[in-house]
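Undergrad: Protein chains in written order, with our numbering: chain A, 1 to 113; chain B, 114 to 221.
Honestly, the hints are just simulated from the structure, not real lab data.
Errors might be hidden in some of the hints.
One side only, chain A facing chain B, incomplete, derived with CB under 10 Å [unchecked claim]:
#	residue
1	Y64
2	N70
3	A82
In silico lysine-lysine, DSBU-like type, Cα no more than 35 Å apart, as pairs [what the hints assert, rightly or not]:
#	chain 1	residue 1	chain 2	residue 2
4	A	K9	B	K158
5	B	K158	B	K208
6	B	K155	A	K71
Cβ atoms here follow ideal geometry from the backbone N, Cα and C, with glycine treated the same way.
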Amino acid sequence: NAGVTQTPKFQVLKTGQSMTLQCAQDMNHNSMYWYRQDPGMGLRLIYYSASEGTTDKGEVPNGYNVSRLNKREFSLRLESAAPSQTSVYFCASIPGQEVYGYTFGSGTRLTVV
Amino acid sequence: RKEVEQDPGPFNVPEGATVAFNCTYSNSASQSFFWYRQDCRKEPKLLMSVYSSGNEDGRFTAQLNRASQYISLLIRDSKLSDSATYLCVVPGGFKTIFGAGTRLFVKA
């Protein structure tokens, strides 16, 4: 089925460990986003990629890095995990125009202990 | 004033009831809006878009009040399956704002 695929679905890290969250979409969308969702708060943008080859910081980029490997794939890396990064992470994509809305992946539940 | 504000609820309603949620926004220049539905431990999914005065899709009606800067979502004849969190979204590329959501529980 066409859509956005995220891996892994669950992850527990120890403080200081690193990991990469993978995201791939097969809808030929130009723009891709990484959000985090915390209880009682709206989705907050970490990084985005407006098109292949470009990436930019969002609202909460500290502690994260991203790579837009090609048009399909957009990965998020935590270099040295901290408990404050415990959250649910969603990757999303849209075609060129927002009128069609965002398509989200199923999310990654990350716990940092 | 927050950029997007929603009543967190929860709203507890019986099956068959009509329920309405409001969402206020601060950017008077916003032209379009979305309502997303998010089931427990799932990703948000697009429910409806609102580009002018309103939009209707079956039991769901979204309305926009530009003068007062709010959008509303009306659900008629509530079903158990409508239980979810409803997110108000003001699109804007990397400036898109997601509300924290309103939780709805529909009971038999």
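Undergrad: Determine for every hint whether it applies to the structure shown.
TA: Cross-check of the supplied hints:
| no. | hint | result |
| --- | --- | --- |
| 1 | Y64 | violated (15 Å) |
| 2 | N70 | violated (20 Å) |
| 3 | A82 | violated (23 Å) |
| 4 | A:K9 x B:K158 | holds (18 Å) |
| 5 | B:K158 x B:K208 | holds (19 Å) |
| 6 | B:K155 x A:K71 | holds (25 Å) |
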